[in-house]
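Residue numbers (my numbering), protein chains in the order written: chain U, 1096 to 1708; chain W, 169 to 500; chain L, 4 to 321.
A portion of the hints provided could be inaccurate.
To be verified - Calculated cross-link-like contacts (lysine to any residue; reagent style SDA-like; alpha-carbon spacing at most 25 Å):
id: 1; chain 1: U; residue 1: Lys1707; chain 2: L; residue 2: Pro166
id: 2; chain 1: U; residue 1: Lys1500; chain 2: W; residue 2: Thr237
id: 3; chain 1: U; residue 1: Lys1444; chain 2: U; residue 2: Tyr1518
id: 4; chain 1: L; residue 1: Lys54; chain 2: W; residue 2: Ser323
id: 5; chain 1: W; residue 1: Lys203; chain 2: L; residue 2: Trp182
id: 6; chain 1: U; residue 1: Lys1342; chain 2: L; residue 2: Trp182
id: 7; chain 1: U; residue 1: Lys1342; chain 2: L; residue 2: Gln165
id: 8; chain 1: L; residue 1: Lys54; chain 2: U; residue 2: Phe1421
id: 9; chain 1: U; residue 1: Lys1707; chain 2: L; residue 2: Ser225
id: 10; chain 1: U; residue 1: Lys1342; chain 2: L; residue 2: Glu179
id: 11; chain 1: L; residue 1: Lys186; chain 2: U; residue 2: Lys1444
id: 12; chain 1: U; residue 1: Lys1510; chain 2: U; residue 2: Ala1575
id: 13; chain 1: U; residue 1: Lys1707; chain 2: L; residue 2: Arg139
id: 14; chain 1: L; residue 1: Lys54; chain 2: W; residue 2: Thr237
id: 15; chain 1: U; residue 1: Lys1707; chain 2: L; residue 2: Asp60
id: 16; chain 1: U; residue 1: Lys1707; chain 2: L; residue 2: Trp182
id: 17; chain 1: L; residue 1: Lys54; chain 2: L; residue 2: Leu101
id: 18; chain 1: W; residue 1: Lys203; chain 2: W; residue 2: Leu413
No wet-lab data here; the hints were simulated from the structure.
A quick note: this is a predicted structure, and the numbers were derived from the prediction, not measured.
Listed below, chain by chain, are the residues.
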Amino acid sequence: MATSEYWNRFWRRQLSRRRLLKGTVVGASGLAVAGVVGCGDDDDGGTTATGTGGATATAAPTEGQPIPGGTMRGPLVGTSTGTPPSLDAQRQLTFLAQIPAAYHYNRLLKFVPPTPSEVNGVPSVPIDFSTVEGDACESVPEVVDGATFNFKLRDNLAFHDVAPVSGRAVTADDVKQAFDVFSAESPNRGNWLSQVQELAVTGEKTFSITLRGPFAPAFQVLFANNDGGPWIIPPEVLADPNLANQKPIGAGPFIFESMTPDESIIWNRNPNYYDSPRPYVDRIESSLIGDAEVILQNVKEGNFDSALWTASQWDRARDEVPNGQFFTGPEHVWGGAFFNFAEAPFNDKRVRQAFSMAVDRQGTLSVLDQPGAVGGGAGLTHVSQYDGFYIDPINDASAFGENAKYYTRDIQAAKDLLGEAGYPNGLDLTATSSNVYGPGFGDLMETLGGSAAEAGFRLTFNYEEYGAYISTSFFGALPANTLGLAPLFGSPMDPHNIFFTVFHPSSARHNYGPQGNPHAIPAANLPVSGDPSPGGDAALLALWNEQATLLDLDERTAKIHEIQQMMAESMYFVPWPGTSTAYIFNPWVKGIRLVRGYAYAAETLPHLWLDKS
Amino acid sequence: MAVREEAVILSRLDRPVPSLGLRWLRGAWWFARHKPLGAFGALVLIATVVVAIFSPWIATYPYAQQHLTDSLQDPNSTYWFGTDKQGHDLFSRIVIGSQITVLVGVGTVTLAAVLSVLVGGVSGYLGGRVDIITQRVVDVWVSLPPIFLLLTFVSVLGTGGSGFLGLGRGPDVGLNPIDGDWIWYTFFRSSVVILSLGIIFAGYGSRIVRGAVLAIKENTYIEAARAVGAGDVRIMVHYILPNILPVVIILATINLGAAVLAEATISFLGFGIQEPFPTWGHILGDEGRTYGPTAEHLMWVPGAAIFFSVYGFNMLGDALRDVLDPRLRGGR
Amino acid sequence: MRNYILRRALLVPVTVLGVSLLVSSLLELLPGNVADIILAESGGFNTNLTKGSIESDLGLDQNFLTRWGNWLADIAQGNFGNYFRGGRSVGGELEHRLPVTLQLAGMSLVLSLIIAIPIGVISAVRQDSLVDYFSRSLAIFMLAAPSFWLGVMFIVLVGNYQPSLLPPVAYHDVWEDPWLNLKQMWAPTVILAFSLAGSVMRLTRSQMLEVLRQDYVRTAWSKGLRERVVVTRHAVRNAFIPVLSLIGVQINILISGSIVLEQIFGLPGLGLMLINALLTREYLAVQGVLIVVATIIVITNFIVDLGYSVLDPRIRYT
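Chain U extracted, bound-state conformation:
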């Protein structure tokens, strides 16, 4: 069967790569593979997994027996920390609402940690979302006919013991109601709407999801999505805005206690978590203060157990916290310059190409990427976070082909293109962004934007209020002579996230003008002839749509390579060279197993324990 064969080969590739690296994790992947293949033709020799999803998690055996208890402290999102305007993760786009969601809510599936490699003496965690395991569901779903997924919720999955749900079991009906709200109201519902045909409840604990057709990244993008849902939220909470916004209750590893704006969010251990005795720590106190110096000093003084850190201050943190456990990895937040194609000058492809050739990607990395975890910088092309799908236009220009030149800095060529487009004296532009992303991203935007000045792109920055930004500029509602320059996707799990959510005109959210329309454009109306935006690019649209339906991994990879080469030429968006990411843990934090993306609280935190002896 095509579907399971695709997944089969996909997992096996991951497995063989990993087998070389570390024995213990093979066990984890192996079981997950069993979970997948258990429902298809079982040629891998694995056993059908039932209810073992949680048990697959492995703490490194060298660290001894976990010690329960203690309070875990740290900033909520490192230097990008701020006070969430709302905690309603089903209806709010902002990362400040999505990241806390994984503390108290569940997804259907979650990701299994990849094995870190080593970069400059520290573990580097790859962006690898290839392996999933059950979260709310007891295992990876059974796949029927390539498009129907049969899920079964865990028997011991219960909502927190807090009124009005008071610890009742989670049912398939709850899931359906939560997902209905998601598909009706979430700004992130685009993929769901376009792929999911039906969610049918088949029993108290069982339900099935039928897709409209083959969809290669279904697990990553639909069922284990950690950036934007769907989250399993009790209908009682969804119906009451006060609860959804301010007092979330779910079935996740931690029970929400309180949020004090500009101070902290506090969670307590969920004693009835399905993966008991996890989580080990009793209490989480997440600081809402994002000041880098304050964070670093508190890690140094031991007031914070851990912190997400910033690549441009990596060396300093290494000096200040010599005993710290450091992790790095390519930055998973993807972004760059985005445009309104209805306005000059970026309606002209040559101006976009010139901008891409004007920015100094290598120089930016040399200044801001101290861990140097990723050589070329994640996000260098439109899909570079994903090893398997990525072709490198800079270090491997010949493989990339002719269009690699659009990623190579060439001031003269940029000036020539600008001249051809009718701007021989350069352009005075406004670069719009928001002020919530913290100094790390701020430096990235300013350094990259500023480096284009040499070719005649004179940028003035305009940091908008986040609310104003996220609802207008973020959707590409930019006036003439203005470009957006910002992170665009916090936690893309598959190239499809970028092709679809960021670019595709049918996405409920896409980051280009003209109208900043949060609602999808009907696919039937596309493409429009003469439209300079991706919506008018029939060839590219077809490729974007096609790649998701290819269940043969090699075929899909080839298609994605082709897309990268095409997008280098059209430059609908100019990707920035993402720096590395950085995590610091104090030495007494044990059981660290990092998964990238927004669901730290579901995939990493329950496994952590504190050994302060």
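Given the structure of chain U, go ahead and fit chains W and L onto it with the hints provided.
Coordinates of chains W and L only, in the frame set by chain U:
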């Protein structure tokens, strides 16, 4: 400000007016000899103005030019004040940033002085119901902290991109990019801040002007003028205005430091003129706060620039006040 | 005298009413339709938020004066409205944050007086001595050094050289844990007091100089009283009265100063609330902060004026 202070200013105002030009010339010499600190302040002001006007030619690099290979350099012979994370030359940024200091400082006190004279003068001269209503409005105005009001105004009007009414960017920048660094363009960039601060400071200023007008109104020469048939406007312009001029000058110089500090404060908080245009407050609040721990010059240099200009302006204001009105000493 | 107090007292509500009018008219300043802006800024996905609901929250469906009246009536009942995003109560937020700002301002005020008054007095008594020059330079420095510079210097230098002195991150309420609260508050308090002390010091000095030249002080000297007695019994008491009036001005500076220090030190006070409300365009929260701050300032000024008129018998108000 306190009732008392007004009363004190007023008592000094019933002096006859000597020939202005002569008094100023003699005064300047006397001032330099007797008020060395004040003269130093005047020098700081003049120097800042000169630097601001000629800043594009004084700066050793374009303020937005990055030198990515020279990130976070300590002060040295190439980069006199060192560089920031992107390798911007801090000296050039401080020099160009002085434009904001001068424009916001001088612009604010000028606007505030004009508005103070208008509001305070009319309110004090006409008296009666107009005065009562105006004073209640001023009461309201001064009961909100200036920074709170300023932040609110600036964030409502906006300082980024093309800003309020499209003023932010100014007229089209010419062929030579350096034209865009000229103080004239910076004036447009800072217009929102100047407008907001000027209106805010005018509330405080109008109080003092009103007090001065009230005192002068009682003088016999005003009555004499009225007796010979001079109209209200004529009296205000020809008899009252020259007499309140010293008060206005004191007010303006005293507020100069306060205006610079207020602009630096909101820029520090990120509400001021936006990147990459350098303002001292923003350099301190952004680069200084983030990279100060590893490159302390990013904290020392912009801080010292703000400190010395405010210090100089305050000294000048104090000295002028001592000279023009010695009894006001230390009233602030 | 009684008339003066009565009239002065009447001005308090009049001014507060005026402030509320000014604050609610801030919305009118905004370009475009506020409800449209808020709706757009909420992401356009929140079905709980419609143009109609925002308009009725803000009272935009009514005319300006009615809206103002309703807002005032709500505030009088302690209802400051809710945040558009997240629906938190603005009143609850103010209640939580007001004590932080008041504590910071109060502690700084007391500390600045403790530092400034003795130095100012000594400086005047020993006019033109080394002490005098030193204290005058200090005052000048205090006046010109921006508190945000001092704050950044503190964090950076203390962080670099003596990190154990740095305040803990999580804010602790003074009633809950006074020691941790103090560890957190002392640095911003000292910095804020420092910027205040300059003006208090200068005023104390000049007032002392004036008082020391008065006849009754000369009489006290001629009676052969010791210097300490002359200064403390006769001079300081009288010189202090104008200094008191300065406090009325100071409260304004204190609250202005707290906004930066709260931001630098991450103290959850009114200043930080205002900054965040402005950043997220939560207009009801902005209005709430402004009206509360203005009320505090108006009332403080009233009390200071009262104290002033009671303490200084020379002043006769008519």
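Tested hints:
Using a Cα cut-off of 25 Å, the hinted pair lysine 1707 of chain U and proline 166 of chain L holds, with the two alpha carbons roughly 21 Å apart. A hinted pair counts as satisfied when its Cα atoms are at most 25 Å apart, and lysine 1500 of chain U with threonine 237 of chain W qualifies at roughly 23 Å. As the CA atoms of lysine 1444 of chain U and tyrosine 1518 of chain U are separated by approximately 13 Å, the hinted pair is consistent with the 25 Å bound. In summary, the hint linking lysine 54 of chain L to serine 323 of chain W is supported, as the alpha carbons are separated by about 23 Å, within the 25 Å threshold.
Pair hint lysine 203 of chain W plus tryptophan 182 of chain L does not hold up; C-alpha atoms about 48 Å apart against a cutoff of 25 Å. At most 25 Å may separate the alpha-carbon atoms for a hinted pair to count; lysine 1342 of chain U and tryptophan 182 of chain L exceed this at roughly 30 Å. For the proposed pair lysine 1342 of chain U and glutamine 165 of chain L, the alpha carbon gap of about 40 Å is over 25 Å, so the pair is violated. Taken as a hint, the lysine 54 of chain L and phenylalanine 1421 of chain U pair is broken in the structure, with Cα atoms around 48 Å apart against an allowance of 25 Å.
The suggested pairing of lysine 1707 of chain U with serine 225 of chain L is violated, with an alpha-carbon distance near 72 Å, which exceeds 25 Å. Restraint check for lysine 1342 of chain U and glutamate 179 of chain L: the C-alpha separation of about 23 Å stays at or below 25 Å, so the hint holds. About 57 Å separates the Cα atoms of lysine 186 of chain L and lysine 1444 of chain U, which puts this hinted pair outside 25 Å; it is violated. A C-alpha spacing of about 20 Å is found between lysine 1510 of chain U and alanine 1575 of chain U, which places the hinted pair at or below 25 Å, so the restraint holds.
With a CA separation close to 52 Å, the supplied pair lysine 1707 of chain U and arginine 139 of chain L exceeds the 25 Å bound. For the proposed pair lysine 54 of chain L and threonine 237 of chain W, the alpha carbon gap of about 51 Å is over 25 Å, so the pair is violated. A hinted pair counts as satisfied when its Cα atoms are at most 25 Å apart, and lysine 1707 of chain U with aspartate 60 of chain L does not qualify at roughly 51 Å. A threshold of 25 Å between alpha carbons decides the hint, and for lysine 1707 of chain U with tryptophan 182 of chain L the separation of about 24 Å falls inside it, so the pair holds.
A distance of roughly 31 Å separates the Cα atoms of lysine 54 of chain L and leucine 101 of chain L; the hinted pair therefore is violated under the 25 Å criterion. Straight-line distance between C-alpha atoms of lysine 203 of chain W and leucine 413 of chain W comes to about 21 Å, which keeps the hinted pair within the 25 Å bound.
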